[in-house]
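Throw the hints in and build the complete structure from the sequences for me.
There are 2 protein chains.
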Amino acid sequence: MRTRPLKVALLGCGVVGSEVTRILTTQADDLAARIGAPIELAGIAVRRPHKVREGVPAELLTTDATALVKRGDLDVVVEVIGGIEPVRTLITTAFEHGASVVSANKALLAADGASLHAKAAEHGVDLYYEAAVAGAIPLIRPLRESLAGDKVNRVLGIVNGTTNFILDKMESTGAGYSEALDEATALGYAEADPTADVEGFDAAAKAAILAGIAFHTRVTIDDVHREGLTEVTAADIASAKKMGCTVKMLAICERSADGRSVTARVHPAMIPLSHPLASVREAYNAVFVEAEAAGRLMFYGPGAGGAPTASAVLGDLVAACRNKLAATTGAGESAYTQLPVSPMGDVVTRYHISLDVADKPGVLAQVAMVFAEHDVSIDTVRQQGKNQGSGDEVAVEQGAGGRRAGEASLVVVTHRASDAALSATVSSLRKLDTVRGVASIMRVEGE
Amino acid sequence: MRTRPLKVALLGCGVVGSEVTRILTTQADDLAARIGAPIELAGIAVRRPHKVREGVPAELLTTDATALVKRGDLDVVVEVIGGIEPVRTLITTAFEHGASVVSANKALLAADGASLHAKAAEHGVDLYYEAAVAGAIPLIRPLRESLAGDKVNRVLGIVNGTTNFILDKMESTGAGYSEALDEATALGYAEADPTADVEGFDAAAKAAILAGIAFHTRVTIDDVHREGLTEVTAADIASAKKMGCTVKMLAICERSADGRSVTARVHPAMIPLSHPLASVREAYNAVFVEAEAAGRLMFYGPGAGGAPTASAVLGDLVAACRNKLAATTGAGESAYTQLPVSPMGDVVTRYHISLDVADKPGVLAQVAMVFAEHDVSIDTVRQQGKNQGSGDEVAVEQGAGGRRAGEASLVVVTHRASDAALSATVSSLRKLDTVRGVASIMRVEGE
Numbered sequence: 031m032r033t034r035p036l037k038v039a040l041l042g043c044g045v046v047g048s049e050v051t052r053i054l055t056t057q058a059d060d061l062a063a064r065i066g067a068p069i070e071l072a073g074i075a076v077r078r079p080h081k082v083r084e085g086v087p088a089e090l091l092t093t094d095a096t097a098l099v100k101r102g103d104l105d106v107v108v109e110v111i112g113g114i115e116p117v118r119t120l121i122t123t124a125f126e127h128g129a130s131v132v133s134a135n136k137a138l139l140a141a142d143g144a145s146l147h148a149k150a151a152e153h154g155v156d157l158y159y160e161a162a163v164a165g166a167i168p169l170i171r172p173l174r175e176s177l178a179g180d181k182v183n184r185v186l187g188i189v190n191g192t193t194n195f196i197l198d199k200m201e202s203t204g205a206g207y208s209e210a211l212d213e214a215t216a217l218g219y220a221e222a223d224p225t226a227d228v229e230g231f232d233a234a235a236k237a238a239i240l241a242g243i244a245f246h247t248r249v250t251i252d253d254v255h256r257e258g259l260t261e262v263t264a265a266d267i268a269s270a271k272k273m274g275c276t277v278k279m280l281a282i283c284e285r286s287a288d289g290r291s292v293t294a295r296v297h298p299a300m301i302p303l304s305h306p307l308a309s310v311r312e313a314y315n316a317v318f319v320e321a322e323a324a325g326r327l328m329f330y331g332p333g334a335g336g337a338p339t340a341s342a343v344l345g346d347l348v349a350a351c352r353n354k355l356a357a358t359t360g361a362g363e364s365a366y367t368q369l370p371v372s373p374m375g376d377v378v379t380r381y382h383i384s385l386d387v388a389d390k391p392g393v394l395a396q397v398a399m400v401f402a403e404h405d406v407s408i409d410t411v412r413q414q415g416k417n418q419g420s421g422d423e424v425a426v427e428q429g430a431g432g433r434r435a436g437e438a439s440l441v442v443v444t445h446r447a448s449d450a451a452l453s454a455t456v457s458s459l460r461k462l463d464t465v466r467g468v469a470s471i472m473r474v475e476g477e
Numbered sequence: 031m032r033t034r035p036l037k038v039a040l041l042g043c044g045v046v047g048s049e050v051t052r053i054l055t056t057q058a059d060d061l062a063a064r065i066g067a068p069i070e071l072a073g074i075a076v077r078r079p080h081k082v083r084e085g086v087p088a089e090l091l092t093t094d095a096t097a098l099v100k101r102g103d104l105d106v107v108v109e110v111i112g113g114i115e116p117v118r119t120l121i122t123t124a125f126e127h128g129a130s131v132v133s134a135n136k137a138l139l140a141a142d143g144a145s146l147h148a149k150a151a152e153h154g155v156d157l158y159y160e161a162a163v164a165g166a167i168p169l170i171r172p173l174r175e176s177l178a179g180d181k182v183n184r185v186l187g188i189v190n191g192t193t194n195f196i197l198d199k200m201e202s203t204g205a206g207y208s209e210a211l212d213e214a215t216a217l218g219y220a221e222a223d224p225t226a227d228v229e230g231f232d233a234a235a236k237a238a239i240l241a242g243i244a245f246h247t248r249v250t251i252d253d254v255h256r257e258g259l260t261e262v263t264a265a266d267i268a269s270a271k272k273m274g275c276t277v278k279m280l281a282i283c284e285r286s287a288d289g290r291s292v293t294a295r296v297h298p299a300m301i302p303l304s305h306p307l308a309s310v311r312e313a314y315n316a317v318f319v320e321a322e323a324a325g326r327l328m329f330y331g332p333g334a335g336g337a338p339t340a341s342a343v344l345g346d347l348v349a350a351c352r353n354k355l356a357a358t359t360g361a362g363e364s365a366y367t368q369l370p371v372s373p374m375g376d377v378v379t380r381y382h383i384s385l386d387v388a389d390k391p392g393v394l395a396q397v398a399m400v401f402a403e404h405d406v407s408i409d410t411v412r413q414q415g416k417n418q419g420s421g422d423e424v425a426v427e428q429g430a431g432g433r434r435a436g437e438a439s440l441v442v443v444t445h446r447a448s449d450a451a452l453s454a455t456v457s458s459l460r461k462l463d464t465v466r467g468v469a470s471i472m473r474v475e476g477e
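First to last, the sequence lines map onto chains F and U. Quick note: the first sequence uses this note's numbering, first residue 31, plus one each step. Quick note: the second sequence uses this note's numbering, first residue 31, plus one each step.
No lab work stands behind these hints: they were computed from the structure. It is possible that some hints are incorrect.
[Unchecked claim] 27 Å max Cα-Cα, derived DSSO-like pairs, lysine-lysine: (1) F/K100 to F/K149; (2) U/K37 to U/K149; (3) F/K37 to U/K181; (4) F/K37 to F/K149; (5) F/K272 to F/K390; (6) F/K390 to F/K461; (7) F/K271 to U/K37; (8) U/K37 to F/K181; (9) U/K100 to U/K81.
[Claimed, not checked] Chain U residues, not near chain F, derived (Cβ > 12 Å throughout): (10) I114; (11) A137; (12) D180.
Cβ coordinates follow ideal geometry from the N, Cα and C atoms, glycine included.
As structure tokens, this is what we get:
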């Protein structure tokens, strides 16, 4: 084993950073054996140097992150601060001073991955970020390397633990969204400001990263269609159950049917209970990958948390260190296909639409006509009493038309249609006198 | 892009080899873009050159595999022949002539992986074998690289599709072993001679490979305890159901509690229906990995078949080609822990034992005494009529002792105990006059 240790600096020492430090210390011998040289922790940049951090050597702490990445003797910089700036500048500076970078920063990678990759390549160093998507689950590396000889057509995943926890609670207890969110907050699964999770920003960043890698093109978070889960109701979940489905917050990256473009989107959707993603409970993550030769693969595990994220960071760190020792780099960005990202209107899928309608003869015929006018084919129609999901369902067959005074609820499930056609259909439906309101629209995926 | 193509030779052109050839041809541009240089298929060694192989260029076929690997201008040799010899010699010769090797050969890797790795390292080339375990599922690379900074404590998996198909059929239809095997054979899931699958040799080879990588030590197939599934009965499966379990053929690699040794074994076992592996149906494979920081991860997908296996082979081929271009190699064997493999007697788990006993007072007390004498603690006892699994169960509580003329069946589920203690217990039970026979012993895992 070579004597000179590999010098590693850490930017950030929160939940993940502390865990990385702990493992670097307690597993030092194993890491050295696996890398071929010991790791020396050269410095840790923090904002609050006087905060007590158990197991973190106080003499390594500094508030001057810029000076740390400019040292010039670092082999690898591990970034676990998060956010865009000052992190982007720090990472770029690290590259310029010859260090490879391991990052867990989904927001930055999804916003500006291409320029970071270019900068790393320019300076002959690595940029790894397994921890940015789905925590401990090996996903970036399998997509980039194990499937490098295959053609990925779809990535469909639960990549946000907070929203999966909320939906799982709603499903298992019948709770509404607010109640489930409160429980998630109380248990530490949701942050005080849950916006990034519940509005889908976190999942959208991950979808952008996954789509770029899966399709060898460039996708940023701005390319990802995003809908949050705040409007999912207990009635939606009850309605999903009736269809043999469950509601999940999904990140979906797809190659178009003609292969000339891709789409990336994040939204709540119904999936059949028989789909492997349906049984992903609590805050777990799971990602389904469909590739032409490999078929359907699934990767499952904890998507967040200090230790799982640290596991992913350390896997990347070992890889970056091995490359430094061998004076080489791993595969860089692969964006050669330059496939454009199509708008949401081009996405083709199925829809579950719940309408509040006047309860009188002819309504179903009117509604069906609107769908037909927009070439959206109906799979099933279900008419039920206003108190959806309570079990007091009436007249079920298409054409039967429940007869009750006042209002009724009509649930339509379509065959595959473009999002644009569906939107146009819904606009027309809203104009019907007999349609009092569109209670919910949810996509049906995974079939 | 550099002009000189990377020269690749293929050893074997059966189901997997044909698929590799097809993808090399149809996806040539994508592969070239991902590697950074085109691949030139330099030759294909086959036994029967005149067999019609659609899409395989006849002019590339040769029966002289030795001359092919000795060409000296090959960058990578892909081996999809299988078996120990002449493959070992061919691979070694390829290394000696400067070629990296991608192999799908579990038998060879499990028998002699260490010497092949040493030979590859000696000649500065790569040896990759993702396809040797669980077909298309990325597993070797995630274990070797993504989890390189973590400590794996257990690998628990369904790694043989044939036996999973048979058990799934037995479970879903109530069929016996022979009937289910016949169906597997008719559908092409089982070979004419199913020995390698049903006796666990195939799974044992995979367990040896996984254990070696997971624990950074050397494990060969001879170190793996192996039991086939030919003795699993419909009664066992019915009994598992009563416990809220299902029966799966598992490969289990574990680090001992004191961390000083490892074990590797392959046998049918009961696992709770709530365990993610319980819902793996038909011929699918899935592997559960438990690591200290990452927690519980699962990898799921098709474990065999031409296209899935080709996907894994091509991922390795891209990696080997990239390394050749960069004049480097990937990480080699990691066996630094030198942890010994303990015998099966040291394995600690739970057991489900089904006894045929005389149906008279005091039998349960006698049986319980034998367990106590060997320090094997009983969790539950269930007594039932001879016609197991038919639902005509009688007296259930421990100590109640069903009273029927003739024989009864006693099902004992233990707490955790060593395999040695359980074996000693069973030997003693067989000596009791009141125990007419030991109908089955099955381990209970995944809890």
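To see whether the hints hold, each was checked on the structure:
For the proposed pair F/K100 and F/K149, the alpha carbon gap of about 16 Å is at most 27 Å, so the pair holds. The straight-line distance between the Cα atoms of U/K37 and U/K149 is roughly 21 Å, inside the 27 Å bound, and the hint therefore holds. Proximity of F/K37 to U/K181 is assessed by CA-CA distance (about 22 Å); at most 27 Å being required, the pair is judged to hold. A hinted pair counts as satisfied when its Cα atoms are at most 27 Å apart, and F/K37 with F/K149 qualifies at roughly 21 Å.
Distance restraint check for F/K272 and F/K390: the Cα-Cα separation of roughly 24 Å lies within the 27 Å cut-off, and the hinted pair is therefore satisfied. With a C-alpha separation of about 17 Å, the suggested pairing of F/K390 with F/K461 holds against the 27 Å cut-off. In summary, the hint linking F/K271 to U/K37 is not supported, as the alpha carbons are separated by about 55 Å, beyond the 27 Å threshold. Of the supplied pair hints, the one linking U/K37 and F/K181 holds, its CA atoms being roughly 22 Å apart against a limit of 27 Å.
Under the criterion of a C-alpha separation no larger than 27 Å, the hint pairing U/K100 with U/K81 is consistent with the structure, at around 25 Å. Here U/I114 stays apart from chain F, with its beta-carbon at least about 26 Å from theirs, past the 12 Å limit. At the 12 Å boundary, the C-beta of U/A137 stays outside the reach of chain F, the nearest C-beta of that chain being 22 Å off. Distance check for U/D180 against chain F: the nearest CB is about 4 Å away, which does not clear 12 Å, and the non-interface claim fails.
Against the hints set out earlier in the document, violations occur for numbers 7, 12.
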